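In case you want the letters, here they are:
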Amino acid sequence: MHYDVTDHLLIVILGFFVAFGPRYIPILFFSNRKIPEWFNDWMKYVPVSLFTAIVVKDIFISGSYKFISSGNFDLILASIIVIIISYWTRSMAISVVFGLVAVMLLSMVV
Amino acid sequence: MKQIENGPQWRVTLKEAWPLCLSYTPIGLACGILLHAAGFNTILTGLVSVFVFSGGAQFMIAQMLTTTAPILTIILMLFFLELRYALLGSSLAGYLKGQNHRFLFLFAVSMNDENYAINYLKFVTDRNWTPKDALQVEHWSLLVWTVSNIIGSLIGSAVQINLTVVNFALTALFLYMIVMQIKTRLILLISVIAGVLATFFMLLTKSTLGLVISTLVASFLGFMIESYVSKRWPKSHLLYKIHDPSGQPEVDKEDIEI
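As you go down the protein sequences, you meet chains A and B in turn. The numbers in the numbering used here rise by one with no breaks, and the one at position 9 of the first sequence is 9. The numbers in the numbering used here rise by one with no breaks, and the one at position 247 of the second sequence is 1247.
Hints in this document: simulated from the structure, not taken from any laboratory. It is possible that some hints are incorrect.
To be verified - Lysine to any residue pairs mimicking SDA-like chemistry, simulated, CA-CA at most 20 Å apart: (1) B/LYS1015 to B/GLN1136; (2) A/LYS66 to B/LEU1204; (3) A/LYS44 to B/PHE1220.
Predicted, not measured: the structure shown is a model, and the values here were computed from it.
Using the sequences provided together with the hints, build the complete structure.
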């Protein structure tokens, strides 16, 4: 079976709805109500938890959702470099640029 | 107060958005190239970039199209992938109070992980940061993302890309965001817990649903530990601040009206 342009368009349209729903409904719900204090205190920990989860996925989880125990040393080393640079410079641009340069060089060596 | 000397609004927001735009360029190009290889034409690549606007989702569409997965499967996988946006929306909603429905619609349509990360940091640290500024940051990232996807689609298979290297631009961005978030030892602990839980739940669910579950559990743990410790041992080491070498005065939390 091969997909044609109509199928692709269908994927885009349906994809829009499944991407839009989770983005819109909580914003609409919570921004029109008084948010309880405890909920805000809970949500305060969402960014750091989510970002760590995404980074762990990028570095330690393969495309088929297996744990990558060996390899990826270039990514791990580059990550440490990025963490140190972010900590000292507090600059997103410098951190990202140095991270990219580091991973490029490391992927050639490691 | 600082905003006055920074010039027009688009420059203020571009100043915050450009590092993200920079990381989006190679990833957008790569994404466009992959979508082209999966048979997506350039117009559809532009449309999917605007209306789905999610790197992860678009890479997944490209990957699943090459294996001709059933459309329903693709959409279901997308749904699970995008479910985490519900958390982003919930945690930003407090800063978007009093906005009308049209604004909330526009804001939700172009929100994703990366511009959320920037906006969340700005809302927390800069009391002059307005929802309108946040929406502009979203639009800068949307613009750069869409344009680089389209260019990627046009240059198509003529280019060789190293996905590992390209993807690391976003990993680096999130690492930076984590470092910026870690202000107390407790937050550092939660970050470590979140990493362990994410691994566990992703291996268990074999999908990014694991991201959602681990985030919910880890953030709830953070909330529980904080309220327990600050009641029981207000002098606990867990609540110690972590040194910030930039020495910038921290914005007091009470200063910001949520």
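Hints, verified against the model:
The suggested pairing of B/LYS1015 with B/GLN1136 holds, with an alpha-carbon distance near 11 Å, which does not exceed 20 Å. Restraint check for A/LYS66 and B/LEU1204: the C-alpha separation of about 10 Å stays at or below 20 Å, so the hint holds. Restraint check: the Cα-Cα separation between A/LYS44 and B/PHE1220 comes to about 10 Å, which is no more than 20 Å; the hinted pair holds.
Figure legend: structure checked against the earlier numbered hints; every hint is met.
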